[in-house]
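Using the hints, position chain S against chain U.
2 protein chains.
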Amino acid sequence: MHTGPTNTLTDVRGIRVGHHQVCGDGWLTGTTVVLTPGGGAVGGVDVRGGGPGTRETDLLDPRNHVERVDAIALCGGSAYGLAAADGVMQRLGAAGRGVVVGPRSGDTVPIVPAAVIFDLGRGGEFTRRPDAGFGAAAFDAAMSEAGAGPVPQGAVGAGTGAVAGGLKGGVGSASVLLSGGTTVAALVVVNAVGATADPMTGELYGARFGLPGEFGLTVPSEGPLPGSGSAPALATTIGVIATDATLTKAQCAKVAGVGHDGLARAVRPVHSMFDGDTLFSLATGAEPGPDPAALHELLTAAADCVSRAVVHAMLAAVTVTTPAGTWPAYRDVYPSAFAGT
Amino acid sequence: MHTGPTNTLTDVRGIRVGHHQVCGDGWLTGTTVVLTPGGGAVGGVDVRGGGPGTRETDLLDPRNHVERVDAIALCGGSAYGLAAADGVMQRLGAAGRGVVVGPRSGDTVPIVPAAVIFDLGRGGEFTRRPDAGFGAAAFDAAMSEAGAGPVPQGAVGAGTGAVAGGLKGGVGSASVLLSGGTTVAALVVVNAVGATADPMTGELYGARFGLPGEFGLTVPSEGPLPGSGSAPALATTIGVIATDATLTKAQCAKVAGVGHDGLARAVRPVHSMFDGDTLFSLATGAEPGPDPAALHELLTAAADCVSRAVVHAMLAAVTVTTPAGTWPAYRDVYPSAFAGT
Chain U
13 MHTGPTNTLT DVRGIRVGHH QVCGDGWLTG TTVVLTPGGG AVGGVDVRGG GPGTRETDLL
73 DPRNHVERVD AIALCGGSAY GLAAADGVMQ RLGAAGRGVV VGPRSGDTVP IVPAAVIFDL
133 GRGGEFTRRP DAGFGAAAFD AAMSEAGAGP VPQGAVGAGT GAVAGGLKGG VGSASVLLSG
193 GTTVAALVVV NAVGATADPM TGELYGARFG LPGEFGLTVP SEGPLPGSGS APALATTIGV
253 IATDATLTKA QCAKVAGVGH DGLARAVRPV HSMFDGDTLF SLATGAEPGP DPAALHELLT
313 AAADCVSRAV VHAMLAAVTV TTPAGTWPAY RDVYPSAFAG T
Chain S
13 MHTGPTNTLT DVRGIRVGHH QVCGDGWLTG TTVVLTPGGG AVGGVDVRGG GPGTRETDLL
73 DPRNHVERVD AIALCGGSAY GLAAADGVMQ RLGAAGRGVV VGPRSGDTVP IVPAAVIFDL
133 GRGGEFTRRP DAGFGAAAFD AAMSEAGAGP VPQGAVGAGT GAVAGGLKGG VGSASVLLSG
193 GTTVAALVVV NAVGATADPM TGELYGARFG LPGEFGLTVP SEGPLPGSGS APALATTIGV
253 IATDATLTKA QCAKVAGVGH DGLARAVRPV HSMFDGDTLF SLATGAEPGP DPAALHELLT
313 AAADCVSRAV VHAMLAAVTV TTPAGTWPAY RDVYPSAFAG T
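As given, the protein sequences belong to chains U and S, one line each in that order.
So the number in the working numbering is just where the residue sits in the first sequence, counting from 1, plus 12.
So the number in the working numbering is just where the residue sits in the second sequence, counting from 1, plus 12.
Looking at chain U on its own, in the form it has when it is part of the complex (with noise of 0.2 Å):
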């Protein structure tokens, strides 16, 4: 069991991500969205967060009709930011993707379920969030060449203002490939009430489920994190789990459901009362469906995709200062963390 070649989300052949954002200006924040091959992928979603910002959620129920999904918008912006989701809708309409639905091949109703992290005024003006622009622009990036290579991470896309637990938060990924030929993968906005690292000890929880090789941290010598107390009083992690096996709807509800263990596991509390944590699950279907044991190894890993996927977030994370305040990149915070490296 080891990653795939870029240890990111378009391991998953046919998955496309791209990252819009703007920063300065009083501006931090941003979209990302992960586009689905020709034709779509069988998706799911699991809601765990009290206070979420969703968009075409409902129909993502496995009881409902349409089980394919185009496209998942991740936003900053609150509620607000599921405008970039119409901009993601408009560029897919424009090119016939969606579920049929008129006389014409063309007359379609793209499936664009969309989360968002709070992430308000962190730039410094509250209303600088993104708009139905920042979905089109995302959705460029993803159509480009590099849309299909390895995910940026770090403060991009919807992870530009991100935040989690005093430290700078934003998108993370990891993928891994599994003995049978499936190929599973995370990409997460991390942006929590919650830490993603011990504050006694500084070790990010999520370390412990690396991969041989994959992080060699060591545990920190800084001692507890000085102003731990200074969470955000609202926040919200949302993300996205792909994989090339065939899963039913159903299953990729599972999948999604499981996937919340891998966000336990990296980030606490989490799901809380100021979180909307969401997550979202694609299947394309290019390799067979799993057996049984199967489903359980791609569960297992899912789950471990996402809290690898936290930790990649938290050490892409640099430091950032805008007239809303610092948030320190935790290699800036425990540099000692990294002597091994």
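Rather than coming from a laboratory, the hints here were simulated on the basis of the structure.
Backbone N, C-alpha and C fix where the C-beta goes; we use that ideal spot for every residue, glycine too.
Facing chain U, a subset of chain S residues (Cβ under 10 Å, in silico): (1) P64; (2) R67; (3) V78; (4) M101; (5) G105; (6) G114.
What follows is chain S alone, placed relative to chain U:
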């Protein structure tokens, strides 16, 4: 037990309703905004259709944090129409309404759950669908003097392009004043794969639930509806139930759920895999909270208001012809039903 003064949703004091629609030149769609009093109303939702298009429904789960809703957007345009909610959010945010999330009292995130109906292409052009401007215009209509008056019914707002079982659908509303002084009311956008009238007799299913003297319809003599198999392939009935009672968020969810029973009595079949039937509920809290017997009465009234609102929608409809087709109104197909009125 009798209707409120207008027999529409605005009989619940503080609730305002605004419509915006565009007809002609390929258009036949619109948006309806239900606006709550300042400070909002406790909200609930129940999604029972198999093909829903929704936004901000997860936050209405009674387990979750936010209790109060600022407005509900009902939209034409299938999932594209969810963009209308952006315009409502912009208006509310500019007015400083919503959950206060920043250091200043005006730093708010308005709570605007939304649902859509499928009406794409009914005006002749597939790409003519509501955007954020529709939501803003419907909000402005709700804020106008007329917004507190009797709710316009028929082919208005989100009901502009609505069709139900081969007949013209649209917006309908109804209210009731309960013995204890509580008002309950419903507004629905009737757009269903199923029929609202018995195809053999032409009787409106919901008419039997009218208050004394409310409808005065007779059994029509026209016989079976010609072409009654021409139901739309995709539809969706959506609506809002409002009351001035003080309800918990969980009780609001129950109201929305029982409201679907009223839909089941008035539309057959309903909640199909080709409908995204979704009902919201709002409790303004001006009247006291109900004891168990009063809650029972309130729930029963909520279901009946939904059934009655469906009938009012069908009675308010007028025959509409566009380049995409003709949808005859109930009153034009069954004129004999009105012999006694």
